[in-house]
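Counted the way mature numbering (1 follows the signal peptide of the UniProt record, and there is no 0) counts, the sequence shown spans residues -29 to -1, 1 to 154.
Everything labelled a hint here was simulated from the structure, so no lab data went into it.
Check each hint, because a few of them may be wrong.
What the hints assert, rightly or not - Keeping only pairs whose Cα atoms sit at most 30 Å apart, straight-line, the calculated DSS-like set for lysine-lysine is: (1) Lys9 / Lys90; (2) Lys128 / Lys104; (3) Lys128 / Lys34; (4) Lys132 / Lys34; (5) Lys132 / Lys18; (6) Lys34 / Lys104; (7) Lys86 / Lys9; (8) Lys82 / Lys69; (9) Lys34 / Lys9; (10) Lys69 / Lys94; (11) Lys82 / Lys94; (12) Lys82 / Lys104; (13) Lys86 / Lys69; (14) Lys111 / Lys128; (15) Lys104 / Lys90; (16) Lys128 / Lys18; (17) Lys90 / Lys69; (18) Lys94 / Lys104; (19) Lys111 / Lys34.
As the structure is a prediction and not an experimental result, all values here were calculated from the model.
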Amino acid sequence: MRTIISKSNLTMSLIAASVITMTATAVNAATEAKQEYKIFVYQDCQKVDEIPMNEAQITAYQKLNGLESTMRELEIPVDEMEEELASYEQEFEQLSDKIVEESEGAITVNKAMIKQHEKIAQKMQAVVSAYQKDLGLLEKQANVIQAAAHQFEQAIKPSIKQYQNQHITINIGTHEPDWQCHA
């Protein structure tokens, strides 16, 4: 008895087998990666514990890490703003020394310098205003990160509760970190 397999049935079977294999591989890889995350607890520069992380802890940790890259991107315009402000700050400080002059017990206020001082302050305010949208986005992201950090803290608290009244350092990762102790 011969079995005849049509080309379309063979193609469908191969596609189904490929999908099953890829799904199984992805599930295994995800499971292995999640099992590798650990909390490394150090006290006085000595490792005192190595605690495997559960799924909720890993999810909270990965969420927190994912938010950090967005934060770095949002900080770029703010760094640019700070550079712009730095030049004005130097001018501002130089003029501040010239606004009030003391000589022979008399104090003289240089009104021309005050006007220049005010112009620089207005320029600085304009720079900050130009970046207001970026500052707002940065603030929103900071709030999101703060919430994620709190969620992560709550997730790992039960695992490290025996160390709650001690000064400890915690590192999170898939392997023990190579770090310098600064006790």
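Hint by hint, here is what the structure shows:
{"no.": "1", "hint": "Lys9 / Lys90", "result": "56 Å, violated"}
{"no.": "2", "hint": "Lys128 / Lys104", "result": "36 Å, violated"}
{"no.": "3", "hint": "Lys128 / Lys34", "result": "17 Å, holds"}
{"no.": "4", "hint": "Lys132 / Lys34", "result": "22 Å, holds"}
{"no.": "5", "hint": "Lys132 / Lys18", "result": "16 Å, holds"}
{"no.": "6", "hint": "Lys34 / Lys104", "result": "25 Å, holds"}
{"no.": "7", "hint": "Lys86 / Lys9", "result": "60 Å, violated"}
{"no.": "8", "hint": "Lys82 / Lys69", "result": "10 Å, holds"}
{"no.": "9", "hint": "Lys34 / Lys9", "result": "16 Å, holds"}
{"no.": "10", "hint": "Lys69 / Lys94", "result": "19 Å, holds"}
{"no.": "11", "hint": "Lys82 / Lys94", "result": "19 Å, holds"}
{"no.": "12", "hint": "Lys82 / Lys104", "result": "35 Å, violated"}
{"no.": "13", "hint": "Lys86 / Lys69", "result": "12 Å, holds"}
{"no.": "14", "hint": "Lys111 / Lys128", "result": "26 Å, holds"}
{"no.": "15", "hint": "Lys104 / Lys90", "result": "23 Å, holds"}
{"no.": "16", "hint": "Lys128 / Lys18", "result": "18 Å, holds"}
{"no.": "17", "hint": "Lys90 / Lys69", "result": "15 Å, holds"}
{"no.": "18", "hint": "Lys94 / Lys104", "result": "18 Å, holds"}
{"no.": "19", "hint": "Lys111 / Lys34", "result": "16 Å, holds"}
Checked against the numbered hints above, the structure violates hints 1, 2, 7 and 12; every other hint is satisfied.
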